[in-house]
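Colleague: So the chains spell out like this:
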Amino acid sequence: MFPASFDYRVAESIDEAISLYQSADGEARYLAGGHSLIPAMKLRLARPSRLIDIRPIEQLRYIRVGDDGAVHIGSLTTHAEIAASNVVAQHAPLLAQAAKVIGDVQVRNMGTIGGSLAHNDPGADYPAAVLALEATITVQGPNGTRHIAATDFLKDMYETALEPGEIIVDVAVPSYSGWKSTYVKFFHPASRYAVVGVAILANAVGNQVQDIRIAYNGVASCAFRDTAAENALKGKAATDATIAEAANAALNGVDVLSDHFASAEFRKHIGRVYLKRALQELFAG
Amino acid sequence: MGVPIKVTVNGRQYEAEVDPRMLLVHFLRDVLDLTGTHVGCDTSSCGACTVILNGKAVKSCTLLAVQADGAEILTVEGLEQNGKLHPIQEGFREEHGLQCGFCTPGMIMTAYDLLQRNPNPSEAEIRHALEGNFCRCTGYQNIVKAIQYAAAKMSS
Numbered sequence: 001m002f003p004a005s006f007d008y009r010v011a012e013s014i015d016e017a018i019s020l021y022q023s024a025d026g027e028a029r030y031l032a033g034g035h036s037l038i039p040a041m042k043l044r045l046a047r048p049s050r051l052i053d054i055r056p057i058e059q060l061r062y063i064r065v066g067d068d069g070a071v072h073i074g075s076l077t078t079h080a081e082i083a084a085s086n087v088v089a090q091h092a093p094l095l096a097q098a099a100k101v102i103g104d105v106q107v108r109n110m111g112t113i114g115g116s117l118a119h120n121d122p123g124a125d126y127p128a129a130v131l132a133l134e135a136t137i138t139v140q141g142p143n144g145t146r147h148i149a150a151t152d153f154l155k156d157m158y159e160t161a162l163e164p165g166e167i168i169v170d171v172a173v174p175s176y177s178g179w180k181s182t183y184v185k186f187f188h189p190a191s192r193y194a195v196v197g198v199a200i201l202a203n204a205v206g207n208q209v210q211d212i213r214i215a216y217n218g219v220a221s222c223a224f225r226d227t228a229a230e231n232a233l234k235g236k237a238a239t240d241a242t243i244a245e246a247a248n249a250a251l252n253g254v255d256v257l258s259d260h261f262a263s264a265e266f267r268k269h270i271g272r273v274y275l276k277r278a279l280q281e282l283f284a285g
Numbered sequence: 001m002g003v004p005i006k007v008t009v010n011g012r013q014y015e016a017e018v019d020p021r022m023l024l025v026h027f028l029r030d031v032l033d034l035t036g037t038h039v040g041c042d043t044s045s046c047g048a049c050t051v052i053l054n055g056k057a058v059k060s061c062t063l064l065a066v067q068a069d070g071a072e073i074l075t076v077e078g079l080e081q082n083g084k085l086h087p088i089q090e091g092f093r094e095e096h097g098l099q100c101g102f103c104t105p106g107m108i109m110t111a112y113d114l115l116q117r118n119p120n121p122s123e124a125e126i127r128h129a130l131e132g133n134f135c136r137c138t139g140y141q142n143i144v145k146a147i148q149y150a151a152a153k154m155s156s
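Protein chains in written order, with this note's numbering: chain A, 1 to 285; chain B, 1 to 156.
For reference, chain B alone in the conformation it holds in the complex (with noise of 0.2 Å):
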């Protein structure tokens, strides 16, 4: 049994009818065809299905489509803006903040949640703010770089 949704991803206007048991990160995956939020654990660890909802980063395989109902949703693909990187992706760029690539889309909606209320955090504050995101590659370092890269930038 459907049940209707209206939501506002990247600034466009959705209207949907989805199963309640459908988790929120399968429907911007499967049913909008954004995939670039990532399943990664499945299991509220690693976010690698961060996206913004109501301005808050949230884990979207630990929500259902239907809780996000009347929500206002940025995903990764909403950052770009006429063809140019958001300074947190252009720090991901610039700093080598990535190798395969999987984390990187929650990585980067957690930099931007922390950004919104820190415009300039210490390097301690950003690890703490990526405590649930997990990278197996970089080991962190390049990551933390590239959120002061866009830190700065957005400052200046």
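Just chain A, with the same shape it has in the complex (with noise of 0.2 Å):
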């Protein structure tokens, strides 16, 4: 298989992307690591008519502790540089521990952090980390930056805030030092893709609960915050009974999605067992 024909262009920085994606005939797209686009392409799904390949802009690629105390990570860096990164480990481990799981060593070799959240496949690993985590998503287009908060930035199935022309630059997280979190993910077994996801991080004394927050990927269209599971915990003691209640209030209402390889029923199991699991190992030590 091999993809459609396309006009390729190379950009050294932001500013020479947008203004070749403006002087495009027909639909442009961006080419980071090409993970999800490359694959995307060979099955005719895209058929950009010109391709802009940012990865030779050196700039967006770098892992830093910002004045503001987050962790800014380029869009351009690949899962395997979050999955080693010192930095990500102490402020943020959530990422790195999404990262680690992602696809395959190849895969992670090659796919960017950009790449993954612009295309949000709801199998993907990072939304649910990002939401937990609350990070905020710079992008840069035609008409400028814009900060977006990732509840706002994720908006559905392959769906999200950018605006035509518009690159991820930049995903902030603030620091959480001293939390508590995990990534359990159900993998499909061929294309490692996150068949049920959830990432929990958690301060915590003890076994006191003062803050938490869990959200899942996988298991709907697009990744979200499970609030009354965050609920059954949050100000209280994590012991076996509010674990299972927080497991039990876990995905109602939501509408899981079935698909040939799990159903709806087996999604939504799976999502709450593994969140009990997850919770059980978290508060275990």
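Think of the hints as simulated: they come from the structure by calculation, not from any bench.
The reader is advised that the hints may include incorrect statements.
Stated by the list, open to error - Straight-line alpha carbon distances no greater than 30 Å define the calculated DSS-like cross-link-like pairs of lysine-lysine that follow:
#, chain 1, residue 1, chain 2, residue 2
1, A, Lys42, B, Lys6
2, B, Lys145, A, Lys100
3, B, Lys153, A, Lys100
4, B, Lys56, A, Lys100
5, A, Lys42, B, Lys56
6, B, Lys145, B, Lys84
Reconstruct the complex from the two isolated chains, following the hints.
Modeller: Dropping the structure here:
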């Protein structure tokens, strides 16, 4: 399989990329690691007339702590780089926990955080993590720069707040030093996408939960925070009883995906079981 | 419309004009005639097309040849030196790490990436590294042994 023909351009800077976008006839798309877009183009689900390769823009490749105390990640940073980063491990380990289980070694070497978020595949692993981490996504486009909360950015299946011509430039994650976190996932055995993925981020003293965020991806058309499950634990002690309560409260009223691999009923069941096990493990020690 | 690219493959420099939609795996196989790299699932799952691009394992069915412009690529053909098999290749032979051999080039290149990062992997680490490579004959047991053989040989 190979993609339909397109005009290939290389951008060395963000401004050049945006101007190549604006001068294109027909649909232009930005190419980062290409691990969502190229498969879609091979299946002819995407047929851009111009592909703008932004991978040479070195200024979009970094992980650093900003003046605001948040961890800033350039959009072209690969999953492998995020998984291996000491800065991420210290301030926002949840993001590394998600990055480590994306696809496989080869996919993590090419795929980028910006590309994954821009694609917003329901089975991708970053969406639940960025929702739990309350990350801010910065985009740049023909009309300037916008800072968008993750919850507003991720709109629906393959749909984001990106306007035509906009590029994700930065993902900012507040520091959660001292919080507990985990990301658990039921893998699709071939594609390694999440059939169910649940991200948990908790601020707790021993078993006393002061704050907790629980987010799912894979389960519905778009990743979401499960506030009913969060409320079952917030301000309470995490015990077998309250954990069971949270698991029972999870995924209520959610329009759960169903496909040839996993029925809605199965997904919902796995979603609750995985949440329960993850919470038990998180508060065990 | 062709786009000029320059790549170094197995230490040799090549210049070519390629259609932008040409995948790297087809460039290696059909243009450079390096048919050791295989096309398996063609959907980024099976890993038969794995090559080393600038030091890292990638799936060459999910990369455009134009994206490799300026890159250094290592394929399975580049491992053998002066008629002597690379220890990973030797391990696959000694430990019966293949039956039909279709997945083998990808397995070997992924193992190369692993041993470069982690010269002494545990069995669990080897299995984790092979998540993106499918074998439909051996059940992986002997592939793991082949990589353990190579790790021991390379560190001795």
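Colleague: Of all the hints given earlier, name the ones this structure violates by number, lowest first.
Modeller: none
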